[in-house]
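Student: Now for the letters of each chain:
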Amino acid sequence: MKLDAKTPLGPLPQKWGRHCAGIRLVNPANRRKYEVLVVGTGLAGASAAASLAEMGYGVKAFCYQDSARRAHSIAAQGGINAAKNYPNDGDSVWRLFHDTLKGGDFRAREANVYRLAQLSNAIIDQSVAQGVPFAREYGGGLANRSFGGAQVSRTFYARGQTGQQLLLGAYQALARQVGLGAAKLFTRTEMLDLVVVDGRARGVVVRDMVTGEITAHTGDAVVLATGGYGNVYDLSTNARGCNASAIWRAHRKGAFFANPCYTQIHPTCIPVSGEGQSKLTLMSESLRNDGRVWVPKRVEDCGKSPATIPEDDRDYFLERKYPSYGNLAPRDISSRAAKEVCDQGRGVGPGGRGVYLDFADAIERLGHKEVEGRYGNLFDIYHEITSEDAYLAPMRIYPAVHYTMGGLWVDYNLMSNLPGLFVAGEANFSDHGANRLGASALMQGLADGYFILPLTVGDYIAGLTSPRLGIDHAECKKSVDEAVHRVRGWIEAKGKRTVASFHRELGKKMWEYCGMARERGGLKKLAGEIPVLHEEFRKNTCLTGHANGINAMLEQAMRVDDFFELAQLICADALDRDESCGGHFRVEHQTPDGEAKRDDARFAHVSAWEHRAGGAPVLHKEPLVYEETVMSGRNYK
Amino acid sequence: MNQLFFKSSLVKKYVVALTGVALYGFLLIHTLGNLQIFLGSAAINAYASLLKASPEILWGFRAGLLVMVLAHGLCAALLAIENRRARPAAYERIPKFGSTVASRTMLGTGSVILIFVAYHIFHFTVRATHPDISFFHDSHGRHDVYSMVVLSFKQPALSLFYIVGVACVCFHLSHGVSSAFYSLGMVFAGYERLISRFALAVSVFIFCGMSSVPIAVMFGILKLVPS
Amino acid sequence: MNIKLRVWRQEKPNAKGRFVVYDFPDADPNMSFLEMMDALNNRLVLQGEEPVAFDHDCREGICGACSAVIGGKPHGPGKRITTCQAYVRAFREGDVITVEPFRARAFPVLKDLVVDRSALDRIVQAGGFVSVSTGSAPEANAIPVAKEVSDKAFDAAACIGCGACVATCKNASATLFVAAKISHLGWLPQGQAERSRRALNMVEQMGKEGFGSCSNTLACEAVCPKGISATNIARMNRDFAFALVSRAGQ
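If you read the sequences in order, they're chains A, B and C. To convert a position in the first sequence, counted from 1, into my numbering, add 89. To convert a position in the second sequence, counted from 1, into my numbering, add 44. To convert a position in the third sequence, counted from 1, into my numbering, add 537.
Keep in mind that the hints were calculated from the coordinates and are not lab data. No residue lacks a Cβ here, since even glycine has one placed at the ideal position from N, Cα and C. Incorrect hints may appear among the rest.
Stated by the list, open to error - Here are some of the chain C residues that sit facing chain B, going by a computed Cβ distance under 10 Å:
#  : residue
1  : 610
2  : 611
3  : 646
4  : 679
5  : 681
6  : 686
7  : 689
8  : 692
9  : 710
10 : 749
11 : 754
12 : 771
13 : 776
To be verified - Below, computed lysine-lysine pairings styled on DSS-like, alpha-carbon distance capped at 30 Å:
#  : chain 1 : residue 1 : chain 2 : residue 2
14 : A       : 613       : A       : 342
15 : B       : 140       : C       : 745
16 : A       : 566       : C       : 549
17 : A       : 458       : C       : 616
18 : C       : 616       : B       : 51
19 : A       : 583       : C       : 745
20 : B       : 198       : B       : 140
21 : B       : 140       : C       : 553
22 : C       : 616       : A       : 273
23 : C       : 616       : B       : 140
24 : A       : 585       : C       : 745
25 : A       : 566       : A       : 585
26 : A       : 597       : A       : 614
27 : B       : 140       : C       : 549
28 : A       : 583       : C       : 541
The task is simple: from the sequences and hints, build the whole structure.
Tutor: Right under this line is the structure:
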């Protein structure tokens, strides 16, 4: 099957405009006859649901949280990029586009990224009009700051809670539509399956997480905006509830999964402190501006208090290995260097998985007050979680899984290969290539939801010829029955281990062999081990409680079950992609100074995987063609 | 509009706050009036007779006070009923973090005040509780309020009752005054502490002013002067 | 650490609940409170018992999902934290910690510690927004907003909608939540057109949902994980009064 990205013709700057001009429209009076199902209410989902409802479509929005406002977009800290060029530092749509494309190591679709940059400004306008309290200058204009991977200041922010404020804007827009009766909201509702008839997405099967009732909802189009799959690693910066089940179930029903191996690791997180840990907390990368990263030179010193280790016995490994960058070496390089010293047994803290980030020099040079002024809130967060005072003893940090660039394959209209199934935000693969730049996730989610889907979903609906499925359609019943059966199977599981113990074990294996650095041998080993563990998981998990009521363990068991299958696909993709690019680092392919080495001749394509029941997944390649840019190396020197 | 007006709990809050402020104003004048007792019997008796000079004004004033007390109490009671209903299942360990005892016991202190004020009216206004000492006249033929007060407060139990009653009023006020600022939307960022201190200060002032009379009598500072 | 949890167990919305005591003879002080609950649930499942239902999600204090009154304070011991930011080390050796759901008529218990807070969503649906449809926004810098004003709007907008204010209020009132939203949008020029409608509609909806009214005890401010100021309540009262008067004048 040939994957058609449906990228419009013409020069980059004109593609989206021309596409919009040619898009089919639905008469305003007819829109209310159609129903769009939106799963997920994060930035992409809430903005899409609100915008479609404003246009007049019937909208049903679903989220597993108890309120649409709690989707994990809320936790995004840094900011959102836009090419407003308010600081007059030479920014433009082209620059934002090029930085994002380059940041993604030339593994994203040129036309999509260009459109993202084009739409970025309207997102800021829309958010401000909704009352998002962005940071401002004294003159009353919007403030900007700089962020990684760019030489201009183009990041709009609302203190350290940009994601929260943007999500509240979208959530309030959705709330308005719910209040007007234009949208219906189903909270505490989890999608268990996609209903596909004649190759088209026609509805979803959901479980009411309070009553346990499993029902089908049919619609004229389905939008999945269900976020990323970082929790396949168990521990990540994601919320505990984040899961891949919606996109995975869609994948099982025929939607292609693109670039699953592209995962982003964030270098400065608070390390794992114990077996029961449930979450890794992100600390701003800005800490590395003044902190010095080190571990003891000798393994036997690792248990000692850092203050007792003399200067000569410390290994400032980033400064040693990368003398020109030192502690500011790029994210992936710093992450891998930390892993390397920990692999040598020189890691510090519980479990030996941590490195020191030491501010002693900075405090001596700048004074306690200045350090507090710059990083006080981060030191407070650190203290809150670890009860350690980073002014007195060095912080311990370790990289953690943060974002997944891969996702369901979509064309230029954000529609998957299954007609009627649209995928937005982190759940799709489209705009970040092999690595996402900071402050781009919020931009993408909102561009998809506010400005792309409302048009492209309409275009699809305008071409519909068959009426909406009744919920008593045989396929709906079949999907519901399957889901009921699946739930029953799990609820009767009376093995000897908890869901959490399996999730932990899967996560550890994934992190070990398919985390920051991947190599063929490890991936092969992993590919052999996951199915075995998955088999044990299915046979030896213990659940209690009922199917018809709140049962978090049951929910988690089904999510982890899907993670097991997804993990195998990630592993297959990582093995197949025999190059290093962005967040996918194959040890076999690196430059002498440890940078990822791309192989554009063999791998300048999107890897879209097709599910085959009972067999190996089938790879489809969508070639990446760069019409107006040159595929340069990712070099930030 | 009408429905919103009468159903809204916020409107009741405004009524409680506005009547509270008015009653507080009355209490302040009452305190200042009382303190004239320290100027001697002539002064307080003259003041008392002045208040009663015009029956129209007197009864108008009294009617106003009554309406305010009724409105204050009624709205507060209605709110309390709504508020009880808002938490049908009680906590086992009631959260008390961050609030003062005064703020949590407004209905209780308010009810005690009602009883106290009723007794106070029967005592000094109607003069029904102690008729033996309440109907003297001074040399100018005016009602001898001075002797009535002094003779009353020479009884330690009665004095104590008044001091406790006044304490209750002031305890009520210590939250009520700052609460009125919030209900009437008169609190601005940065002035919160000033307002709570002001509330405390005016409560303490009224307590000191009011209780100084029975205390002064008990300690013999205010004595009966031979007329 | 040796501690005991007295946890409220309730099977269904209208079922009778009770406290059940669970022992933690060797709790790790560096565990978060919710990780201790995770451990408890894993233990319960292996013993064939039902796990304790509780709400949680982001576990970094921003989504507002976690709840529960822990030892007499919503979100547990500590200032400006959510339940997921409470750590075992905040308790003392030998403590018996009572864990109850948020209790309010408007927050019916669904199971154990899980309550239904959708009433807060319905209050927002009644007016907690700026009616600006996608595409109709003017250029972002067209309307200057003083930094001080924007900062104040942010302070109010930081609310995470957890409901701790309701849980702790002796009247189970959602006034701080409502006031924060009215204030957030009321500060900004973008929110002016609907300022009166918003105040009237949101306050009215709060009453309909069965929340109590405000007694200005300021306990809400003290437990708010995001430190939302009670001055917002005064602002709301002011906006509502103006709205009443202006509506009467129309």
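Student: Could you run down the list of hints and mark each one as holding or not?
Tutor: Evaluated hints:
Below 10 Å, beta-carbon pairs count as interface contacts, and residue 610/C has one with chain B at about 5 Å; its hint therefore holds. Restraint check, residue 611/C versus chain B: the minimum CB separation of about 7 Å is within 10 Å; hint holds. Taking 10 Å as the C-beta cut-off, the interface hint given for residue 646/C holds, the closest approach to chain B being about 8 Å. The restraint placing residue 679/C at the interface with chain B is violated, with a minimum CB-CB distance near 28 Å, outside the 10 Å limit.
Interface hint at residue 681/C: violated, since its Cβ lies 22 Å from the closest Cβ of chain B, which is beyond the 10 Å cut-off. Violation of the interface hint for residue 686/C is found here, the shortest Cβ-Cβ separation to chain B being roughly 12 Å, above the 10 Å cut-off. For residue 689/C, the interface hint holds, the least distance from its beta-carbon to any beta-carbon of chain B being 7 Å, beneath 10 Å. Interface hint status for residue 692/C: upheld, as the beta-carbon distance to the closest one in chain B is roughly 8 Å, under 10 Å.
Checking residue 710/C against chain B: minimum C-beta separation of about 7 Å stays under 10 Å; hint holds. With a cut of 10 Å, the hint placing residue 749/C at the interface with chain B holds, because the nearest CB-to-CB distance is about 3 Å. For residue 754/C, the interface hint holds, the least distance from its beta-carbon to any beta-carbon of chain B being 4 Å, beneath 10 Å. The beta carbon of residue 771/C comes within 4 Å of a beta carbon in chain B, closer than 10 Å, and the hint placing it at the interface holds.
Using the Cβ-Cβ criterion of 10 Å, the hint placing residue 776/C at the interface with chain B is satisfied: the shortest such distance is roughly 8 Å. A hinted pair counts as satisfied when its Cα atoms are at most 30 Å apart, and residue 613/A with residue 342/A qualifies at roughly 27 Å. For the given pair, residue 140/B sits about 26 Å from residue 745/C by alpha-carbon distance, which is consistent with the 30 Å threshold. With a CA separation close to 28 Å, the supplied pair residue 566/A and residue 549/C stays within the 30 Å bound.
With a C-alpha separation of about 23 Å, the suggested pair residue 458/A and residue 616/C falls inside the 30 Å cut-off, and the hint holds. Restraint check for residue 616/C and residue 51/B: not satisfied, since their Cα atoms lie roughly 36 Å apart, outside the 30 Å limit. For the hint linking residue 583/A to residue 745/C, the alpha-carbon distance of about 45 Å lies beyond 30 Å, and the restraint is violated. Simply put, residue 198/B and residue 140/B have alpha-carbon atoms about 41 Å apart, too far for the 30 Å limit, and the pair is violated.
Between residue 140/B and residue 553/C the CA atoms are separated by roughly 25 Å; this keeps the pair inside 30 Å, and the hint holds. Under the criterion of a C-alpha separation no larger than 30 Å, the hint pairing residue 616/C with residue 273/A is inconsistent with the structure, at around 37 Å. Using a Cα cut-off of 30 Å, the hinted pair residue 616/C and residue 140/B holds, with the two alpha carbons roughly 14 Å apart. For the hint linking residue 585/A to residue 745/C, the alpha-carbon distance of about 48 Å lies beyond 30 Å, and the restraint is violated.
A distance of roughly 33 Å separates the Cα atoms of residue 566/A and residue 585/A; the hinted pair therefore is violated under the 30 Å criterion. Distance check on the hinted pair: residue 597/A and residue 614/A sit about 13 Å apart at the alpha-carbon level, within 30 Å; holds. Taking the CA atoms of residue 140/B and residue 549/C, the gap is about 28 Å. The hint holds against a cut of 30 Å. Restraint check: the Cα-Cα separation between residue 583/A and residue 541/C comes to about 28 Å, which is no more than 30 Å; the hinted pair holds.
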